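J.: The lines below spell out each chain.
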Amino acid sequence: MTAPMRSTSTLVRPFTVSIPDSELADLLQRLARTRWPDPETVGDWSQGVRVENAKSLVDYWERGYDWRRFESELNRFPQFLTEIDGLDIHFIHVRSKNPDAMPLILTHGWPGSIVEFLKLIGPLTDPVSFGGDAADSFDVVVPSLPGFGFSQKPTETGWTVPRIASAWLELMKRLGYTRWVAQGGDWGAVVTTALGAMQPEGLLGIHLNTQYAFPAQIPDALSPEQRYAVETLALYTGELGGSNHLQGTKPETVGFALADSPAGQAAWIYEKFQSKTDNHGLPEDALSMDDMLDAISLYWFTNSAASSGRIYWENRSGTLAGPKLALPVAVTVFPKDIPRLPRSWIEDTYSNLIHYGEANKGGHFAALEQPEILISEIRSGLRTLRAQAREVEE
Amino acid sequence: MIDHPPLIAVTDAELEDLRARLRATRWPTRWPVDGWEAGADSTEVRRLAEYWATGYDWRTHEARINALPHHTAAIGGTPVHYLRFDGERPGALPIILTHGWPSTFLELTDLARRLAEPSKHGGDSSDAFTVVVPSLPGYAFSPQRPALPPTLQTHEIWHRLMRDELGFDRYAAHGGDLGAGITSRLGEAYPESLAGIHLLAVAAPPQYDAASLTLDEQAYLDQVATWSAEEGGYQHQQNTRPLTLAHALSDSPTGLLAWIVEKYRAWSDSGGDLSSRFTDDFVLTQASLYWFTGTISTSFRPYYEYARGLTRRVEKVEVPTALAVFPADLTQPPRSWAERTYNITRYTSMARGGHFAAHEEPELLADDITEFFRQLR
Numbered sequence: 001m002t003a004p005m006r007s008t009s010t011l012v013r014p015f016t017v018s019i020p021d022s023e024l025a026d027l028l029q030r031l032a033r034t035r036w037p038d039p040e041t042v043g044d045w046s047q048g049v050r051v052e053n054a055k056s057l058v059d060y061w062e063r064g065y066d067w068r069r070f071e072s073e074l075n076r077f078p079q080f081l082t083e084i085d086g087l088d089i090h091f092i093h094v095r096s097k098n099p100d101a102m103p104l105i106l107t108h109g110w111p112g113s114i115v116e117f118l119k120l121i122g123p124l125t126d127p128v129s130f131g132g133d134a135a136d137s138f139d140v141v142v143p144s145l146p147g148f149g150f151s152q153k154p155t156e157t158g159w160t161v162p163r164i165a166s167a168w169l170e171l172m173k174r175l176g177y178t179r180w181v182a183q184g185g186d187w188g189a190v191v192t193t194a195l196g197a198m199q200p201e202g203l204l205g206i207h208l209n210t211q212y213a214f215p216a217q218i219p220d221a222l223s224p225e226q227r228y229a230v231e232t233l234a235l236y237t238g239e240l241g242g243s244n245h246l247q248g249t250k251p252e253t254v255g256f257a258l259a260d261s262p263a264g265q266a267a268w269i270y271e272k273f274q275s276k277t278d279n280h281g282l283p284e285d286a287l288s289m290d291d292m293l294d295a296i297s298l299y300w301f302t303n304s305a306a307s308s309g310r311i312y313w314e315n316r317s318g319t320l321a322g323p324k325l326a327l328p329v330a331v332t333v334f335p336k337d338i339p340r341l342p343r344s345w346i347e348d349t350y351s352n353l354i355h356y357g358e359a360n361k362g363g364h365f366a367a368l369e370q371p372e373i374l375i376s377e378i379r380s381g382l383r384t385l386r387a388q389a390r391e392v393e394e
Numbered sequence: 001m002i003d004h005p006p007l008i009a010v011t012d013a014e015l016e017d018l019r020a021r022l023r024a025t026r027w028p029t030r031w032p033v034d035g036w037e038a039g040a041d042s043t044e045v046r047r048l049a050e051y052w053a054t055g056y057d058w059r060t061h062e063a064r065i066n067a068l069p070h071h072t073a074a075i076g077g078t079p080v081h082y083l084r085f086d087g088e089r090p091g092a093l094p095i096i097l098t099h100g101w102p103s104t105f106l107e108l109t110d111l112a113r114r115l116a117e118p119s120k121h122g123g124d125s126s127d128a129f130t131v132v133v134p135s136l137p138g139y140a141f142s143p144q145r146p147a148l149p150p151t152l153q154t155h156e157i158w159h160r161l162m163r164d165e166l167g168f169d170r171y172a173a174h175g176g177d178l179g180a181g182i183t184s185r186l187g188e189a190y191p192e193s194l195a196g197i198h199l200l201a202v203a204a205p206p207q208y209d210a211a212s213l214t215l216d217e218q219a220y221l222d223q224v225a226t227w228s229a230e231e232g233g234y235q236h237q238q239n240t241r242p243l244t245l246a247h248a249l250s251d252s253p254t255g256l257l258a259w260i261v262e263k264y265r266a267w268s269d270s271g272g273d274l275s276s277r278f279t280d281d282f283v284l285t286q287a288s289l290y291w292f293t294g295t296i297s298t299s300f301r302p303y304y305e306y307a308r309g310l311t312r313r314v315e316k317v318e319v320p321t322a323l324a325v326f327p328a329d330l331t332q333p334p335r336s337w338a339e340r341t342y343n344i345t346r347y348t349s350m351a352r353g354g355h356f357a358a359h360e361e362p363e364l365l366a367d368d369i370t371e372f373f374r375q376l377r
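Going down the list, the protein sequences come from chains A and B.
Under my numbering, the first residue of the first sequence is numbered 1, with each subsequent residue one higher.
Under my numbering, the first residue of the second sequence is numbered 1, with each subsequent residue one higher.
I should point out that these hints are in silico values taken from the structure, not numbers from a laboratory.
Since the structure is predicted, the reported quantities are computational estimates derived from the model, not experimental observations.
Treat each hint with caution, since some may be false.
[What the hints assert, rightly or not] DEER-style ranges, computed between Cβ atoms: (1) A:Asp348 to B:Tyr208: 32 to 42 angstroms; (2) A:Lys173 to B:Tyr208: 57 to 67 angstroms; (3) A:Ala25 to B:Tyr51: 26 to 36 angstroms; (4) A:Gln217 to B:Lys316: 29 to 39 angstroms.
Every residue gets a Cβ at the ideal spot worked out from N, C-alpha and C, and that includes glycine.
Bound-form chain B, shown alone (with noise of 0.2 angstroms):
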């Protein structure tokens, strides 16, 4: 069925020079802090290693790559790679997912079969979607654009994917992590063609009054920099010197792994436990396609962008906006937070999940992003 190349094709020599590599890792002394508390846990980040090198099989989770219904456009010179899933019935509303760091479309591959193939898992079939999964620029098979801003901006790129090159002029858009800003920026700058958006975490108000924070405004505030003394770190240095860090994540699979599998366990909700939301095959195959793409120095172009004040900063949002609250997710942004700066007409807060929704819970998100939209078809 495949008439064309596939979209990735790791030679016997890359994939053996990643073997290699894991089996020559030159690890740092052990330290005695519990697992974790210091950083990524030595144990944890040797056990996954050493199944990378030897009991993970790559070439199947390329062959099912492959077999993911890729696209490539070019916009605006720009080549972006998307995935396309088609609503299963005539008419279904299009919708954008925009995944953020340190993922890539696959965190969002389940999330985008629900959506579009609602009647296969228990829905109706007038929910269903036409799903476009882009790849961030710079992400996996999207390459980052070779100059900095003024060139397109993200948001800029997905609405002519979506209404030029794919013909949609009306749709709606989700995304978390980097992606919810992508998509807020999306809602604010073409209300004419957002049915809505549906977000994970929101955009802070250009300027607020300080005297007019609620108590619960308050309290996020102070999990925000609590969150960001603690664990924002790899944010401060991905802000301001990416380029140094991304020397050694470049050249050792090892250090690459660690640094974005502590991510996962700790925005997940694992309670501590990596495994209780991802496999580790999941885990790999990430961190196999930022390795084998080459794409954690360009992964972390938006957080140089942003930082520089490059990136279009969010103003006020007036499309129907909901917000789905997960309760292990970095922060929890209270309803009345958002309503600063978007027209919240849903808020939600989730059972359970965390960060990485689409991947951990996608019945609960697909859920929420379906009963947003009922409303908006």
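Chain A extracted, bound-state conformation (with noise of 0.2 angstroms):
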């Protein structure tokens, strides 16, 4: 008897977004003829998206923006493909200048992608450039989630958490990388959470900026910094938590008209940028349209709204109280963050805490909202990682 044969390639195949002219038409049809429902009977988002915030954007999808400059945009970032435990995983892969560079993969959420970080990559892998310092580079692999983006949608179930972690780990050895770092919010949290569970070989450290640092058991005793964390994470099991039920119970049904309807999949993460970036209403005040159209249409031209979904059901026995973490983490708490944490239960989760910080402002597309602070918060964060990057190096 022989073992079947797996495809084991390695191989690192370079990678070049082109979407064809029939699918930019493709697009723009089906936002002329949207059809919309009735307007709302109050004068907020609690019903949801507006009709007329939604007709706005969906307008300026169709007539002022320009996807071909998001993908140069795109294509000007070194991409690749690789197969990982048999699915191809898309990646960004920049190498710093800086021969001392510390190897960083960043990784996105939901409704996220690699979108949230093209603002980072230069300041990151090139600090002297944009006004920092040599020592503070990184070399930065930002790969795309399984079923997200452009890394293949899984063909089978059982793409967890732990599966994407490892398959980050392989994609960091593939690279030639021995010691590195990671960082992430949202999902990307959690898969970055569950490589500092792993305490792999060659991890450093980790920076958060979720941080799922909840205790197993909530006390009845809370402090008003816990209780504001419990009331926000509360909002997952009511007011903010509609699709996170929908998607880790019935992927597939919301997922065909999310699929169908690209007014449909806009209003789906459009909802997403009001309710949890910190704008003063508006999810404008918070995200230029361009970005949030970046995002969007990323998810449309690469059919993974159903495919995307599908990471609630595979984890959804998962849960927010984190796994106690003993390697070096870094956090930073942003203030309109949802869950936002206290930095007690954040030091009870954390026992090798090596930064906390607190940003002035942002929410939780962090990476997106505020790319300064995320940025500097990184550099400082895993700065002290350094010395012991270089020695094992050396």
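Mind docking these for me? Both chains are given alone in their own frames, and the hints should help you get the complex.
T.: Below, the structure written as structure tokens:
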């Protein structure tokens, strides 16, 4: 008896984004014939994305937005595909010119994407050109989660967070990195936390801008900060939790509509930009139309509404009481993040907390909302690991 | 015979637009989860969408819909669409039947005919009802109210329709799903007018002492909690951010179809086979009604209003109440649980059928309604 042959290609192939003209034309046709629901009966966003706002967004998507502009921005970064665990993983990989650069893998969440990190790549890889210090140089790896963006969509179940984390280990190994660090928010923080819990050889530490650090049992007596954390967490079982609940149980049911309707796909994501950024009521207060539509268009052209939502189903038994981590952990808390964790629980969960930062602005989409703050926090948060990185390399 | 314009006359352009959208459906990539385990099954949705675009003949169903006994009343400034099936003999007890989500009046027409003309279905003409089947505000041909409460609530509209518009001082009521809530509120608010109410589901008591729960009641509450966690995602979304979802469902007929067909299969006594309980034509006519009237968004309103505490909560229903529990319905409330809120005088564990009982088992349901109200005439 022989073992079944399994593709073991470790080839890293260059990749360039090039959406055919026919798909651009198809999108414009769909947008032009959008059939809208009746408008809301409230003055705010409490029923969901307001019709007038959705119409403005879609109107700009149809008439003002330039996908080719974004595509060429994206293609300025070296991108690759490599098959890991049977799936092609897409990633951006930019090596710093500084030989002492520390390798860093940045992981996005839902409805996030590699779009979030584009503004970070230059300053992290080449700090001097952006007014920083050469000593803060990173090599940057930005993968797309399985089922997201230009990564392949799983054709089997079982792509849980630990499996994604294992794929990331393989990716870093394949790129030749033996000592490296990891960063993430939202699902990216879940994956990064899982990496931290695995404590693989070579992972020196992590930075999280979402912390899964709730105690397994919420105590009865809470400080004001702890109470706020519990209240923000409750939004996910209440007002803001519909999409998580749906995608955790019936991702396919909603996937049909989102795959077929670009306006519907846009609204599904746009709502999160409204409810989870640091704004005065409108998503445009926190993010530019172009940034939002870059993200939305990436979901649309890769038809990944359904396949990305499945991450909730695959990990539906997970909790927000993260594992206790022993490796070095740096965190940055953004004031309008949901949930927003108190320092006490963060310290309880991460026994080797090497950096605790509180940003003065920003929300759940920190990388997209406040790239400069996040860049500064990643630099300072992970700085103490550099000596170790160099020693071992040498 | 028709001396008024047809209720619905979809234009050729609208029909062609629907078919073009269906043909142009962009499908999600397949995922090898066992059919329906993670939501609507791709093979079944594709099969139905294909038939909707090609074989399904809307014009036949449109003509049948237009041939139903339609009426419209203006109640408190709100137009209300309803069907009226006169009882086969004078003095028939009036009854108002209320549908739920994701349904329309169409689910209730078979039941309505049986109740109105029992002698044509092996029954006794003395059991005849005069049957009123309204469309909920925001469903099919009843427009949604343009503002949130305080406006007339649906049960208040129903009572004005029955008493003031139709002149029924004493009447009966039946409902399932959202219709069970509306029927409960009718019974609670107008005991002097309601002969009794017949329900397929019951409201939870406003408060109860956990220590007083029987084992059956605790098992039922566990069943409700499991159902909410596993099956309640749609409700969570419709309760909290209905419009976000409505953008996609208003624009994509395939998405709309998937959204509702999953419920028809899961909530019926189908054993997993949609076709065992619903013809493709029935499902697609329901979907077509939602699509052509553009009402999926407005159909979510009762969820949002209830979740926001804008709908009257049922506290104590004193009128005689029957509960018919179908084995494949979402949950099976025990009699003692219902008795905490209602004056339960009849409790029937039905032999077969699910959430769409009026369509799935019209004969069993008609018999149960008939026997219950026979004592109350």
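J.: Hints first: check each against the structure and report whether it holds.
T.: For each hint, the structure was consulted:
1. A:Asp348 to B:Tyr208: 32 to 42 angstroms: holds, 37 angstroms
2. A:Lys173 to B:Tyr208: 57 to 67 angstroms: Given range 57 to 67 angstroms: holds, Cβ gap about 58 angstroms.
3. A:Ala25 to B:Tyr51: 26 to 36 angstroms: holds, 28 angstroms
4. A:Gln217 to B:Lys316: 29 to 39 angstroms: Taking Cβ atoms as reference, Gln217 of chain A and Lys316 of chain B lie about 38 angstroms apart, which means the hint holds.
In the structure shown, no violation is registered for any of the earlier numbered hints.
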